[in-house]
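Heads up: the sequence lines are chains G and R, in that order. Following this note's numbering, the numbering of the first sequence begins with 36 at its first residue and continues without gaps. Following this note's numbering, the numbering of the second sequence begins with 3 at its first residue and continues without gaps.
These are calculated hints, taken from the structure and not from any lab test. All residues carry an ideal CB built from backbone N, CA and C; glycine is no exception. A portion of the hints provided could be inaccurate.
[Said to hold, decoys possible] Simulated pairs of lysine-lysine, DSS-like, Cα-Cα distance not exceeding 27 Å:
#  : chain 1 : residue 1 : chain 2 : residue 2
1  : R       : Lys169    : G       : Lys101
2  : G       : Lys96     : R       : Lys139
3  : R       : Lys24     : G       : Lys93
4  : R       : Lys112    : G       : Lys96
5  : R       : Lys116    : R       : Lys129
6  : R       : Lys178    : G       : Lys93
7  : R       : Lys178    : R       : Lys116
8  : R       : Lys120    : R       : Lys24
9  : G       : Lys93     : R       : Lys129
10 : R       : Lys91     : R       : Lys169
11 : R       : Lys129    : R       : Lys178
12 : R       : Lys62     : G       : Lys96
13 : R       : Lys178    : R       : Lys232
14 : R       : Lys24     : G       : Lys101
15 : G       : Lys105    : R       : Lys147
16 : R       : Lys129    : R       : Lys232
17 : R       : Lys91     : G       : Lys101
18 : G       : Lys96     : R       : Lys91
19 : R       : Lys169    : R       : Lys129
[Said to hold, decoys possible] Interface residues of chain R toward chain G, partial, derived using beta-carbon atoms under 10 Å:
#  : residue
20 : Thr8
21 : Ala19
22 : Ile41
23 : Ile55
24 : Lys62
25 : Val64
26 : Ser73
27 : Leu75
28 : Glu107
29 : Lys112
30 : Val137
31 : Ala162
32 : Ser171
33 : Val174
[Unchecked claim] Estimated spans, in silico, between C-beta atoms of each pair:
#  : chain 1 : residue 1 : chain 2 : residue 2 : range
34 : R       : Arg239    : G       : Gly70     : 25 to 31 Å
35 : G       : Phe39     : R       : Ser171    : 29 to 35 Å
36 : G       : Val106    : R       : Leu60     : 26 to 32 Å
37 : R       : Glu130    : G       : Leu48     : 29 to 35 Å
38 : R       : Lys129    : G       : Gly66     : 53 to 59 Å
39 : R       : Ser171    : G       : Leu102    : 17 to 23 Å
40 : R       : Gln242    : G       : Val44     : 42 to 48 Å
What follows is each chain in one-letter form.
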Amino acid sequence: MRLFFSTLVLVFLAELGDKTQITGFSLASHGSDLGSIILGSTLALVFSSALAVFLGDKINKLVPQKLIKKVSGCLFLGVGAALIVQNFLKL
Amino acid sequence: MLNLSTVLSTFGLVFIAELGDKTQLAAFTLASSSRRPFIIFAASSAAFFLSSIMAAFLGKTVAVYGSSWSSWLAGSLFLVFGLVVLLAKEPAAVQSAFFAAAKAESGGAKEALKFLNKTGLLNQTLKEALSEEHVHKELFDLFLKRRALFKDNINENEEALNVLVGKLSLRVNLLKVSVDEALDELIRLEQAAVDCYGYILDHLQNNQEHKNDPMIHILTEMVEDEIRHKELYTELRARQSVL
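This is chain G alone, in the form it adopts within the complex:
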């Protein structure tokens, strides 16, 4: 069980301040409900790590890194812009 705990601590530390963690933090600070954020965020991380752990090397052929990065960047920009606009409309 030492492997379990050392991995747990390591991954937790790796997540600290990670983009994905700050995403959850930001959405919560914006006002979305905690339960949904925790569920959505946990599922996303569990699912993506599952893909990597259980598919192993094959994941590189399935995941077009460059495309995903562009999609991710645009997604953040889009959501960010939407949230800012939402705030302006409330002013």
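With the hints as your guide, set chain R onto chain G.
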């Protein structure tokens, strides 16, 4: 209590962001070649759950105590992330090579084990050789820590490195060719790994700024391991041709 659109949008944002994170993926791909991938998966999932809880509660605290500006926080942070992700420059050739090599480790070992098992050639020595747990665990830890991954380029010959990395994958299906051909391919692959890791290692060792890089230690072990694997396969091959 649960808002479906929030669940889905959080899921979407985090999932896509995570898939685009090369370091994170590389770490978990390595975990797949561990002897107990399920423990790593379970522990990681627990860590993700705890980390999500922490983030959500911290965010809620900020919202409660700083409500006038906190609602601007999310939007601004996301805009910044979007720009960072889109504008970040490509990782250095050496960094990419290291990731590629580490990923090849997890894939190649599995295929080799399957082949050796099927042909009855698997013995204790080979079994131990193929699950060099210590190196994989160190690499896994290193990727998760992220700090030690260097960013510079090998100035002279990026192309040479790319060629070496290109040779790091299995070119045939080990189960569909003759035993001799399969063993030859495994020998070739081990040598390709020695060449590639050795090339990166040389760069690290000849560079003052990388003097204490933990990767020097890991790469040295990896080179030694691959040399040993190659010798084991060569021995096996020699015995095969006598039969």
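Taking each numbered hint in turn, which are not upheld by the structure, reported in ascending numerical order?
-> 8, 12, 30, 31, 33, 34
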